[in-house]
Structure formats: C-alpha cells, structure tokens
Amino acid sequence: MLHVTLIVFLMSLFYLSIANRMTTYIHVLAMQGVLLFLVAFLELKSITTLNLIFVLLETIVFKAIAVPVFLKYLLKRNHITREAEPFVPNFVSLIITTAIVVITIILSNHMEEARLDKIFFVVALSTLFTGLYFIASRRKIITHVIGYVIIENGVVVLSMAVGNEMPMMLNLGIMLDIFASVLILGIFLNKIGDVFHDIDVDQLTSLKDD
Amino acid sequence: MIAIYLISAALIGAVVFFNRGKVLNYSLSILFLVLQCAFTVYACLHYNETSLYYFTFDSLGIIMLLTATIISIPAFYHSYVYIEESEEKTPRTRASYFGAMVILITAVSAAYFANHIAVVWIFTEVTTLSASALIYHHRNKLALEGTWKYVFICAISITFVFIGILFLSLSSSNAGSDYLSYKNLLAKSSSLNYEWLRLAFLFIFTGFTAKLGLFPMFTAGVDAKDKAPGPAAALLSSIVICMGFTGIYRIYVVIANTPLLHWASLVVGIAAFLSLFIATVYMIKVKNLKRMMAYSSVEHMGIVMLGIAAGGIGYYAAILHIVLHSFVKSALFFQYNQLYKVFQTKNIYQIGNYFKYNTTGAVVILLAFISVTAMPPSGMFVSEFLIFRSLFEANQIAVLIIVLFLITFIIWALAKNIFKILFIPVVDFDESKVPIISPWKSLSQFILLIGAAYLGLNPPAIFVDLINNSIALLPH
Chain R
436 MLHVTLIVFL MSLFYLSIAN RMTTYIHVLA MQGVLLFLVA FLELKSITTL NLIFVLLETI
496 VFKAIAVPVF LKYLLKRNHI TREAEPFVPN FVSLIITTAI VVITIILSNH MEEARLDKIF
556 FVVALSTLFT GLYFIASRRK IITHVIGYVI IENGVVVLSM AVGNEMPMML NLGIMLDIFA
616 SVLILGIFLN KIGDVFHDID VDQLTSLKDD
Chain X
264 MIAIYLISAA LIGAVVFFNR GKVLNYSLSI LFLVLQCAFT VYACLHYNET SLYYFTFDSL
324 GIIMLLTATI ISIPAFYHSY VYIEESEEKT PRTRASYFGA MVILITAVSA AYFANHIAVV
384 WIFTEVTTLS ASALIYHHRN KLALEGTWKY VFICAISITF VFIGILFLSL SSSNAGSDYL
444 SYKNLLAKSS SLNYEWLRLA FLFIFTGFTA KLGLFPMFTA GVDAKDKAPG PAAALLSSIV
504 ICMGFTGIYR IYVVIANTPL LHWASLVVGI AAFLSLFIAT VYMIKVKNLK RMMAYSSVEH
564 MGIVMLGIAA GGIGYYAAIL HIVLHSFVKS ALFFQYNQLY KVFQTKNIYQ IGNYFKYNTT
624 GAVVILLAFI SVTAMPPSGM FVSEFLIFRS LFEANQIAVL IIVLFLITFI IWALAKNIFK
684 ILFIPVVDFD ESKVPIISPW KSLSQFILLI GAAYLGLNPP AIFVDLINNS IALLPH
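Protein chains in written order, with the working numbering: chain R, 436 to 645; chain X, 264 to 739.
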C-alpha cells in the first residue's frame, strides 16, 4: 500500500510535466498533499501522537488545502492567464521527466543499502529534480513558486523516510517547508502581484550588468 | 551566556523592528553593539568551551566572530549616516532596517559557533529572512526584484542543505539526532557510508554556495549586494560570506578525514575554478559599480576555495584570505555611499574624476583597489601568494597558469574602471551640486584597510595560532 501511494505520487510528476493549465497544476499539488498524508500515515508508525498530529496538519491542512487555495486566490487576483506557457513542448518535458526518474533509479541501485527504502529515495530525488526542471522550463513567476512547492514535497517524502528514527529531522523539514512557503508565497508573491501587474519572469530582468 | 546573548539580541531586534521611535531605535542599536562586544569577549575568554550544548567557542568561530564584530561597528555607524542623509527615510523603513541588521548579525554570530549541522542550518535560514528585509529597504520595483531572486534562490539552496543533512543522517549506521554534531561525525568518520556521504556533501556544498557567493548559486548574492544599501551590502559581502564558508568548511573537515578527501577537493576545486571564470567574464563587461564589487567577491571566494582544494599551506591561506577579504570589501562598500552621493549613479560611465570632489574618499578607493587586486603592500597579497604556492605544491601547474591568466584579466578590468572613476572627468557633469563630505566619515575604512594589511603582512602570533588550530583537524 505504501509503495502504491509512492508510485502514484511519482505518476503525478509525469502528469505535471504534460499538463498545460495552471488550475491542473494546483489540483495536482493538492492531490500530492493528500498522498503525502497517506505516506505519513502508513510509514510513521513509531512516532508520538503529538508528532503525528503535526505531520497531519502539515500535509492535509497546509499542503492539500491552504497552499492550493492561496495559489488559486493569487491566480484570480492577479489575472494570470490559464495557460502555463512553457519554453519547451510538453512532449520534451515528458521525456526529460522520464529521464530524471530513470537516472534516479540507476543511482538508487548504485547506492549501498542503508536504512532507507529505495523507493523513498527514488520518489524524493525525482520530485526534487522535476521541481528544478519545472522552474527552469516555465515562464511565469507563479510556476516558479509551484516548482518550489514540488521540491518541498520531495523533501517531505525524504524526511518521512527517516521520520521514525529521527522525528527531529522530520519536524525541522516541516518547519522549513511552512516557513519558506509562507515567506515566498505570502509576502513576496503578494507584493510582486501589486507591483508587476503581468506576472511574467520576463519582467524580472532589470537587474543587469550594464 | 550564549542564551542571554541570543534572547536579548532577539528582543532588541524585535523591539527595534516594531518600534518607530528614533531615539529608542538608535539607543537600542548601540546597546546591541555593546552586547555584541561583550559576547565576543566572553567567547574569547571561554575558548573551546561548549555552551548551551549546541555551541562551541572554537578557533574558527572566534576568528569569524572577531571579524564580524569589528565590521559591525562601522556598519552601524555608516547605516546611521546613510539613513539620516537619505531622502526617502521614514520611521518605518528605519526601524525595519536596524531591526533586520541586529537579527542578521546575531544569526550569523550564532551560526559561527554552532557545533551541530542542523543548528547551523536554522541560523542560515534566519539570515535569509533578515537579509531579505535589508535588500528590500528601498521598497521599489528593482529592490523587489532583487529581494525576490535572493529569497527564491536562498530558499532552494536551504532546501538543498536540508536534503544534504538527511543524506548525512543516512550515511551513519545508527540513528539519533546527536549523531549529526560535527564532533560525532568526525569521531565516526571511518564508519560512515561513503556513497551517502558523497551525496550529502554535494547537496550541502551546493546549498551553502548561495551564502558564500560561489558557483553555482552565486547569482543570488550579486543581485542582493546590488540592491541592498551600501552598509547592508558590506555585511552581505563580509560576515554572511564568512558564514557560508563556515558551513562548508566544517563539513569539509569531516569529509577530509575519510578516503573521499581527493574527490571532495576535486568538487570544491571545480566549483572554485568555474567561479573564477564566471567572475572574469562578468567583470570585463560589467558597468554597474556595485555589481563589479559583488563579482569581485565571487572571484575572491573562488580563490579561497582553490586554497581549500589544494590543501597544505592553502588551508591556512584560505582562512587568512577570507578574513582579509571581509575587511577590504566591507571598507569598499562603506565608501560606496559617499561616491553615490557625489555622482547619484552606479554607472561607471557617469562617474569620474573622484579625486577632485572627495580626496579622502578617493584615497580609500585607491587603497581598496590595491588590496582587492592583491598588490604587494596589501595583506591579501600574502594570502593570495600562499594559495598560489599551495596550488604549485599540489602539482596543479596547469590550473595555476589558467588562474593567473584569469586574474590578470580581472585586474585589468578592475584597474580600467577604478582609474576611470578616480581620474578621468565625465562629460556634462554638473559640479554645482557636489556635496562636501567630511573626511572623518572615511576613518573606519582606513582602519579596516590598514588592519587588513597589518594582519596579512605581520599577523599577531595569537591570530596565527587560531588559524592553525582551526585547520588542525585537516590532514596535512
């Protein structure tokens, strides 16, 4: 069951790479939040109840509800167009995402067995690199933020893998996620929406060397 | 003591941040400086002791803290001058500026001493937050763009460090959060799983390069130093860089005691070399004075990390170089505001004949130029020379030749621009609006520059001992 959840999570990355609409991205992010909750529920058996409630708040309330709702609000408020407008065709994106997954699988086979289920490693690293690729290949600032949220999801998967042994690392990971997301989403995207009316990275090119 | 320091500094920072009263802001800032000095003295007196479990006053931390405290005193003075003379000052911007500065200096000082990698990581995150408040000081479109880029890249790199820490915890055979203190990691370095350690080092190194200003994450720092006010940029290019260095150095010490030393030095060396290369390319074409200074920091961090990668005398020289660079670069950024007041622009093409308008300031720029290019009377000549020697001793002659070639280009680009600023008059410059600047405002810059020369040419025995102690754990 745990593996099925993680594989569904991995498949959501493929879906993200070929999706075109901003709302699809946001829905997939919400779904990833629910999947993360399932993973936490199935994997974290030996942590305290208090800690489990904390994880639950992070995955369900923050990742599956708060962030998507806020992103949708931003879309509406700043009149962001519905298309994602990637630099590269979706087909190429799909191939690159597949390549990322294949490379992480090869890398995971290369790693010596540690106290980590390999599937966690594969899912976490491919999520991380897909997020980075997402940032590099999309035009809008809001898609950069979505890419960052994807990266954070990968980090949460990885910190759950060690969560049974080191709850402190798990909590730190969650704190990082909430802190950085609130900082990025809350303060700056709001401000950028006010100042730059059409949110596009092309607008953020005034800081140049000449 | 460190608990008292952290709590009272956080309180001072919060009160300054939310209180708009001028007198209260300035008196609390002075109180913070007193606290910072007291903490520095305390740390020196309690050398090698552990405080509050997660902080150890070791040699590297003390070197860095002394540097930070010495720089933060003029930083507050120049911030005062800057804020009071600025036309757009409001109680709100002043309060958030000084509040953020107090928090930044506190977080950086705590990160120097943290003996647990997760604690370093937490304080690194605090510096991102406080630095972004400083960069956003002007509250205009460009400042917003700079802040956004800085926050975004720092958020990604802090995530990278976190992933690195997770991998580091996986590299050990037994779990527990205690395990991740540097002392434990060093003690058990032989039993670590090397494959995981490799991955951990890659991620942690990449993450901290955002603070250090090294390839690949150097862009965040350049934009930040461009948009932040001069005194804040001085802090970003000195004490924050030192913090990034501490973060990388401490994990490098762990990995250097495993068979992965050669691989790690290769990684560091490649990143350092690419930084030098990128700095050269940008320095040649850059026309914005502040960005030129920021790229010069990228160049020097490349040189520092080359020293670390080469090993031998390079370790000593790297730490010496980063301290001297902090003094010199902060002096240059402190001086920058006076220059801006005369010409009202950052564009090098519209700045010139500075000797005529502010002789003292021009002498500072000339001395800083000599220091930055590491010409003989300056202290950085010594450290840079030692780093080149370490490359020579490590049989990296080819690298050395290319590096010298790149540095020649950088010196040419810097000299071309700086001499234009100092001596060549600009066309159509309205001299009637040039303000008269008191020479006393350049005093701290002279002290910093002369101090850097003194430390390099004739380092006090205690300073040499501190550096030698901090590199004692590295294989020789």
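Calculated from the structure, these hints are not laboratory results. Fair warning: there could be bad hints in the mix.
Below 25 Å or equal to it, Euclidean Cα-Cα: the simulated BS3-like pairs (lysine-lysine) are [said to hold, decoys possible]: (1) X:604 <-> R:626; (2) X:352 <-> X:683; (3) X:679 <-> X:609; (4) X:604 <-> X:285; (5) R:626 <-> R:480; (6) R:511 <-> X:446; (7) R:626 <-> X:352; (8) X:679 <-> X:619; (9) R:626 <-> X:412; (10) X:285 <-> X:704; (11) X:548 <-> X:446; (12) X:683 <-> X:550; (13) X:352 <-> R:511; (14) X:404 <-> X:619; (15) X:550 <-> X:446; (16) X:548 <-> X:679; (17) X:683 <-> X:696; (18) X:412 <-> R:507.
Okay, the hints, checked on the actual structure:
1. This hinted pair does not check out: residue 604 of chain X and residue 626 of chain R have alpha carbons roughly 29 Å apart, beyond 25 Å.
2. Proximity of residue 352 of chain X to residue 683 of chain X is assessed by CA-CA distance (about 32 Å); at most 25 Å being required, the pair is judged violated.
3. Among the hinted pairs, residue 679 of chain X with residue 609 of chain X is consistent with the structure: their alpha-carbon atoms are about 16 Å apart, no more than 25 Å.
4. Distance check on the hinted pair: residue 604 of chain X and residue 285 of chain X sit about 23 Å apart at the alpha-carbon level, within 25 Å; holds.
5. Between residue 626 of chain R and residue 480 of chain R the CA atoms are separated by roughly 42 Å; this puts the pair beyond 25 Å, and the hint is violated.
6. Of the supplied pair hints, the one linking residue 511 of chain R and residue 446 of chain X is violated, its CA atoms being roughly 52 Å apart against a limit of 25 Å.
7. Taking the CA atoms of residue 626 of chain R and residue 352 of chain X, the gap is about 20 Å. The hint holds against a cut of 25 Å.
8. Taken as a hint, the residue 679 of chain X and residue 619 of chain X pair is honoured in the structure, with Cα atoms around 18 Å apart against an allowance of 25 Å.
9. Restraint check: the Cα-Cα separation between residue 626 of chain R and residue 412 of chain X comes to about 13 Å, which is no more than 25 Å; the hinted pair holds.
10. This hinted pair checks out: residue 285 of chain X and residue 704 of chain X have alpha carbons roughly 21 Å apart, not beyond 25 Å.
11. Between residue 548 of chain X and residue 446 of chain X, the direct Cα distance comes to roughly 45 Å. Violation of the 25 Å bound is thereby established for this hinted pair.
12. Proximity of residue 683 of chain X to residue 550 of chain X is assessed by CA-CA distance (about 12 Å); at most 25 Å being required, the pair is judged to hold.
13. A C-alpha spacing of about 34 Å is found between residue 352 of chain X and residue 511 of chain R, which places the hinted pair above 25 Å, so the restraint is violated.
14. For the hint linking residue 404 of chain X to residue 619 of chain X, the alpha-carbon distance of about 34 Å lies beyond 25 Å, and the restraint is violated.
15. Of the supplied pair hints, the one linking residue 550 of chain X and residue 446 of chain X is violated, its CA atoms being roughly 46 Å apart against a limit of 25 Å.
16. Using a Cα cut-off of 25 Å, the hinted pair residue 548 of chain X and residue 679 of chain X holds, with the two alpha carbons roughly 11 Å apart.
17. Among the hinted pairs, residue 683 of chain X with residue 696 of chain X is consistent with the structure: their alpha-carbon atoms are about 21 Å apart, no more than 25 Å.
18. Between residue 412 of chain X and residue 507 of chain R the alpha-carbon distance is near 22 Å, which keeps this suggested pair within the 25 Å criterion.
When the structure is compared with the earlier hints, violations turn up for hints 1, 2, 5, 6, 11, 13, 14, 15 and for no others.
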